[in-house]
Each structure stands twice: as structure tokens, then as C-alpha cells.
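Student: Sequence:
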Amino acid sequence: MAPKERADLTNQIRRFRFEHDEMTQQMLADHVGVTRQTIIALESGKYAPSLALALRIARTFDVPVEEVFQLVDEE
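First residue of the sequence shown: 1, per UniProt numbering; consecutive thereafter.
In case anyone wonders, no lab produced these hints; they're calculated from the structure.
For glycine and all other residues, C-beta sits at the position ideal for the given N, C-alpha and C.
Treat the hints with care, as some may be off.
As the list claims (entries may be wrong) - DEER-style ranges, computed between Cβ atoms:
hint : residue 1 : residue 2 : range
1    : Asp-62    : Arg-36    : 31 to 39 Å
2    : Arg-59    : Gln-37    : 16 to 24 Å
3    : His-31    : Gln-70    : 19 to 27 Å
4    : Glu-66    : Ser-44    : 15 to 23 Å
5    : Gln-26    : Ser-50    : 19 to 27 Å
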């Protein structure tokens, strides 16, 4: 089976932040060891996280990484 030509990553970071006592972007950034600008870029889909960062974010929200990040294939 041949790989798809292109795949995009979507995320639910903003939703999870608000479900966790309205966590700010800065609070999340501090917790996972990145800048607020990185969280902004992630939430807007302009940046795909490293595997380690994706796992740290998921662990922060105590959910599987697949609940925070979704792979969307484009045909």
C-alpha cells in the first residue's frame, strides 16, 4: 500500500486547555517546556510538534495523544 501524498495534523489543544480550568497558553507552555509562541503555532496548525512534545501535551491533559492530535489525510 502506497503512502498518501499529503497528511495534515489537527489538534484539540485549545479545547483541552479550557476543559482544564481554562489553562492559559502560557501555563501550558511552561508545563511542557516550550514558549507561548509555540503553543500559539500548534493551536493554529502552523507547527507540527515533535513526538516528545505531543506526548508531554497529552500527558498534561491525562489523555492519549490521539485525543489531542489527529492525522487528517488529504486525497
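Student: Compare the structure with each hint and give your call.
Tutor: Tested hints:
As the Cβ distance of Asp-62 to Arg-36 is approximately 22 Å, the hint placing it in 31 to 39 Å is violated. In this structure the supplied range 16 to 24 Å holds for Arg-59 paired with Gln-37, their Cβ-Cβ distance being about 21 Å. Between His-31 and Gln-70 the beta carbon distance is about 22 Å. The supplied range of 19 to 27 Å therefore holds. Distance hint for Glu-66 and Ser-44: a CB-CB separation of about 20 Å, consistent with the stated range 15 to 23 Å.
Distance hint for Gln-26 and Ser-50: a CB-CB separation of about 20 Å, consistent with the stated range 19 to 27 Å.
Violated hint: 1 only; the structure is consistent with all others.
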